[in-house]
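> The primary structure of each chain is shown beneath.
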Amino acid sequence: MFSPSFYQIAPVIALCASLAAVPLIAISGSRPNLREFWTFLAAGIKFAMVFALAGWVLAGNVVEVELIRVLPELSIALRVDSFGMVFALVSSFLWIIAATYTIGYMRGLNEHAQTRFMVCFALSLCAAIGVAFSANLLTMYIFYEMLSLSTYPLVAHHQDRDALGGARKYLAFLLGGSVGLVLPAMIVIFAIAGTLDFADGIHAGIIPDGTGTTLVVILFFACLFGFAKNGIMPMHAWLPGAMVAPTPVSALLHAVAVVKVGVFCTTRVMLYVFGIDLMDELSLGVITAYIVSFTIVTASIIALTKDNLKARLAYSTVSQLSYIVLGVALLSPMAIQGGLIHIVNHAFAKITLFFCAGAIYVATHKKNISELGGLGRVMPFTFGAFAVASLSMIGAPPVGGFVSKWYLLVGALDAGQIAIIMVLLASTMLNVAYFAPVVYQAFFGKPPAGEVLPTGVREAPLIMVAPIVLAAAISLFIGIYPELMMQFVRMVMP
Amino acid sequence: MMIDQAPALIIIVPLFVSLVLTLAGSLGPRVAYGLLLCGMAGSLLFSLLALGQVVTDNQAIHYRMGDWPPPMGIELVIDHLSGLVLVLVSACALLTAIYSLRTAAEDNPDRLNHYYALFALLVTGLLGMTASGDVFNLYVLLEISALSSYGLLARGRGPAYYATFKYLIVGTIGACFYLLGIGYLYIMTGSLNMLDLAEIISRPELQDSVSIKIGFSLMILGVWIKMALFPLHAWLPNAYSKAGITTACLIAPLMTKVSVYIMLRIMFTVFSVDYIFDSIAWSQVVIYLASAAAVIGMITALAQRDLRMMLTYIVVAEIGYMTGGAWVANAAGYTGAVYHILADGLMTLCLFMAVGAVIYRTGQTSLAAMQGIFKRMPITAVVLVIGAASIIGIPPTCGFFSKFYLIQGAAQAGAWVFVAALLIASLVAAVMFFKMLEIAFFGDLKALEQEPGGGHGHGSHDGHDGHGALPAVARQEAPLSMLIPMVITAASLIILGLYTKEVVNYFIGWSIPAGF
Amino acid sequence: MDEIFHFIIGKYNYWASLVLLFIGLYGMIAKNNLMKKIIGMVIFQTAILLFFVSIGAKRGATVPIIEFGPDKLPLLDATAYANPLPHVLILTAIVVGVATLGVALAILQKIQRVHGTIEEDEILEDQRR
Amino acid sequence: MKRLTLVILAICALIMLAAAVDLPNWADPSSPASTHLSPDFLEQGYGETATPNIVTVVLADYRSYDTMFEAVVVFAAALIVLVVLRRTPRQRSKMVQHRPVREGRDTVLRGAAQLIIPVMQIFALYVVGHGHYSPGGGFQGGVIFGASFILLALCYNLQFTIDRFKEQAVLFCVAGGVLLYAGVGAICLAMGWNFLGYAGLAGILGVSEVMARSHGILLVEVGVGITVFSVMMSLYYDLASGGDLDEGL
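Chains as they are written, first to last, in our numbering: chain A, 1 to 494; chain B, 1 to 516; chain C, 1 to 129; chain D, 1 to 249.
No lab work stands behind these hints: they were computed from the structure.
Owing to the predicted nature of the structure, the values given are computational and were not obtained by experimental measurement.
One thing to keep in mind: the hints can contain errors.
[What the hints assert, rightly or not] Below, computed lysine-lysine pairings styled on DSS-like, alpha-carbon distance capped at 25 Å:
| id | chain 1 | residue 1 | chain 2 | residue 2 |
| --- | --- | --- | --- | --- |
| 1 | D | K2 | C | K31 |
| 2 | C | K72 | B | K213 |
| 3 | A | K169 | A | K367 |
| 4 | A | K366 | A | K446 |
| 5 | B | K501 | B | K435 |
| 6 | A | K306 | A | K366 |
| 7 | B | K166 | C | K31 |
| 8 | A | K306 | A | K367 |
| 9 | A | K169 | A | K306 |
| 10 | A | K446 | A | K306 |
| 11 | C | K110 | D | K166 |
| 12 | C | K36 | B | K213 |
| 13 | C | K11 | B | K166 |
| 14 | D | K2 | C | K36 |
| 15 | A | K367 | A | K446 |
| 16 | A | K169 | B | K435 |
| 17 | C | K110 | C | K36 |
| 18 | B | K166 | D | K2 |
| 19 | C | K110 | C | K11 |
Required output: the full structure, derived from the provided sequences and hints.
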């Protein structure tokens, strides 16, 4: 409905909305309300832009904007296509919800250095949108690094001994992976392919045919393990360590923005740099599928053993992320759609779970699952949302998770990978094993010995519960009406 | 008229400033400071004019000294490469001059104008070396800049004298090897002008002459000693780290970079590409040396407790990058090496200024001085972060693009050792600077380490009154005269990074030697 | 046998300068006393000066000052005069040598004043304290 | 450690000996050094500068840019020694330097000095002035002139010499000489020729370009003479008294 030139500027505005908010937030540090207003304004503008672009992308055209031509053959450029749109919509919408939740959480616990917190929050969202809209591997790498750096102060927010250890591990893995593996891979790809721009379709990648198979394999696995944010097994150790951060950080970033960026980059590289045909020809897809399924299974088993609620959610994230990579690795159209839609479903479900963990902590200062006995009756809304989100994680019918699991299973069948189907079923069993007891104990269990439960309903403040319920509702809604996001995913297919 | 005299004026203006500063002994510090600024600004203006002229009509300026035709007289040659380095040297000198208002006055309470005279003399030497087209003239200017750097470094505290003495001895060995190399070339060719030498050396009968090879290896060995390439770098760290703040800001970024420029000039102007990479088959050994320099330099820097020692070892490592880039023998490697001269000059200047500001304010030079720097000196902290990002090679800064070209060149040439070394060096640099940022962010690490056991668990903390509020640290920012150059340098790191295309297309692309 | 003899006799100036060169270099690197290092440096520089000046000699040529024939016209035959260029270069190299020597001696005095000794090992010990 | 350096140096020596294979023999007229540039200097030198002593021509005209920086090197040495050694009055009192006491025992020395020094100084001026026609020039003359003052300081004492030639005057001459040299170059620049192109002086001096070059060379030699002379003095002042300028050797 707007003129085409508006759509040229829209991605830039979306990108820079939170960037522009950064100085404003920093200045209005002394007046919290004004500061929060800036965050909301930026979040609103960003979502509006992304939403407008969504309409335009649905109409079938791709927006290309070149910011700076950095090298004769390379430029920092934005490109809005349906693949990027899925992730952009999710992260910009969830930023609004997370912003409200964060304000409630920070005010509730009167955290120090809130201004720095909000500044880094805005910066990391700008980086997330940058990754979503990047047109070539260089731009994506730039925003990937920016995300790592801007989330460091968030992870190290408490500035105590645990924060120190967690932040150090966080940076070691992320920077080690990106500078150590992705940078050389990117440069060698540039050396052999002559360009880093993503291919148009997902079939033919940009790697020229003549390159030696060993080089392609090395490059592929450098990218796979280089993007350490995707939490694939050997490079996942930073994620549980980063749970030291305050809950809003672990909610938005480690359930949605940071990890999704990792998975998004990995899938972007797999589809648009290597391309399905090359992966099929060298059977890279199958190898990745097996690696990733190892992650799914072991992460779920570890999650079983964790009594701390956030640690269990962290390991569940590690295994759920690998679903997305598994979907794409299977290379069959249905599996790819399943993988991509899981980005959306997992985002909404996991953010609800982390919000619940935060709300429980604010209300009752309880962290471990064993202490949650009988709390369901005291905090019905929180635990209701928790139950809905758990269903989505497990993949039960009415909720979003079922859609992606369904597509994954059909895709695995098309690809004729019986072993993968076994892995999917086994992991579903494991999901049930580590989510169901939490819900059951909360509603029907007895409180731990010697502690009497307060009578009546005593929830966390409304400003925290509202986002929880909203997120759970959306998670339910995209389960019932998946077409909302599936139309984008379907456009990715050739 | 003024334009075609620009090449000579670039060098004469700082020389006259140095002489006037010595003559007028009774000048107040402010007047001496003002005079120095005018001198540096003048030479920057003329070098920009010269570079502009070179770019517009796309061929080198040959300025005949004393109106004598080249092989007889001496000529200044300003082409794309030397024009670029001239602008870099004069810009860094101007920024350091602006920076030096407070630190120079504190370092030398008396004889400030003599200190500034030596400052201007060093800049004259560096500019003269870059523009000179005559091999022997380059030796004389090499000695001038070496001598004035001995003088500036000897202004430091007690231990500086011994460090400067070692530097003097090693520097003289380097310069004399270079002179001996000129001797061998002069015997075999009879000429001293670079282009004339190149023409004679390329003649068939001299292709396999042993003396020319010995002459080349002596010259390169001498330049490597002056450049502190890895095995010969022992003198650089304690010489630069014992110096005053302003001296370190002037010498560290420029001296080694101009020596790298001289190496490039010798390799690609005096000798041709195929001569170096065919008849002198050193490139394999040199690439190993460069990789060792990069990795060992960075690892030793990581192990340092003193801030300036850390930065000087980074300089040693960066020299490894440039040498490797030049010896990888392809266009991308050469572009990476030249671009890295620019990038590294600015990066080192930015870091030395920021660390100088911290030392100026806190008086400590150990890593502990970094505690709570984000609150105390926010602007300095941001400059430090940008400098560190550039050394690590994080994208928007120019450090990333120079590594981009270097790795690309090394990959095309199949020098995987060098690629691995560059990556390891960047990783170690990342660890080093995040160690520094950790101290800055977390405050006193020692106290944190010994804190009584856990009890924090996940998520937020216990007390409701907010975390033990960190000690309210008074904001003690560096003085304005230090902040302006720091911010300009940090900004230039990013601007240079974003405008790499222009720098490569208009400057470095033209200077790529034939044969690549 | 005699062409090896010619080889040695014909290039005796290079041997002389090489021998001096390596004496000086050894003195600079290996000697413990700083003053001996400076002396080594001077020998090293003198060797290079000798190497350069010896290039300028020409058999049967006189000092490069133009003579005038009986009819007051200058005799401009190049082979009659020695090569002036090395002499110019050497004048510069001598001056540079003197300058470096002066600076080295000044710094040595300061080291003596700060550390009380000019023996390298004692200085290192003093620095460690 | 010492044996290691000895071995390395021996190896380098052998390599460089091997290089001597294709070096031209000593004093061989057909060697490249004697056939490439020097014949042009010898043939055109006199014609273009009317100065018979070709070494001075090459020194002060063809490669005068080099010689200017030579003078700057000497100037730098004096400046550095001054900056490093000379200390402010309040620092001087602390450091007691032991000096040999020589009272009344050098009448013979002083007598001889009074005879020699004037002759030396006249000869030095001759050497500077006569550089065009006979071996000599700014450097050689400057050193002899400086030596005469050092002889004075040795026979009498440093304070005696400093009274005759103040340290400020020395510093002024050090910078003044190089300024004269560079000034001549700058004037040529102002007159439209390139830097240090003495033909530019033809306009001012009202002589032909060739003679202007000859006079240019003389001016430059005088500049260098002043610098070298005062640098010798400054070096002696500082090194002999360790920067205190109170009592020499």
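> Now look at each hint and say whether the structure bears it out.
Hint check results:
1. D/K2 x C/K31: holds (8 Å)
2. C/K72 x B/K213: violated (47 Å)
3. A/K169 x A/K367: Holds, because 22 Å separates the two Cα atoms, which is no more than 25 Å.
4. A/K366 x A/K446: holds (15 Å)
5. B/K501 x B/K435: violated (33 Å)
6. A/K306 x A/K366: holds (15 Å)
7. B/K166 x C/K31: holds (13 Å)
8. A/K306 x A/K367: Holds, at about 11 Å.
9. A/K169 x A/K306: holds (20 Å)
10. A/K446 x A/K306: holds (20 Å)
11. C/K110 x D/K166: holds (24 Å)
12. C/K36 x B/K213: Roughly 32 Å between the alpha carbons, so the hint for C/K36 and B/K213 is violated.
13. C/K11 x B/K166: violated (35 Å)
14. D/K2 x C/K36: holds (14 Å)
15. A/K367 x A/K446: holds (17 Å)
16. A/K169 x B/K435: holds (12 Å)
17. C/K110 x C/K36: Judged against 25 Å, a Cα distance of about 16 Å means the pair holds.
18. B/K166 x D/K2: Distance of about 17 Å is within 25 Å: holds.
19. C/K110 x C/K11: violated (43 Å)
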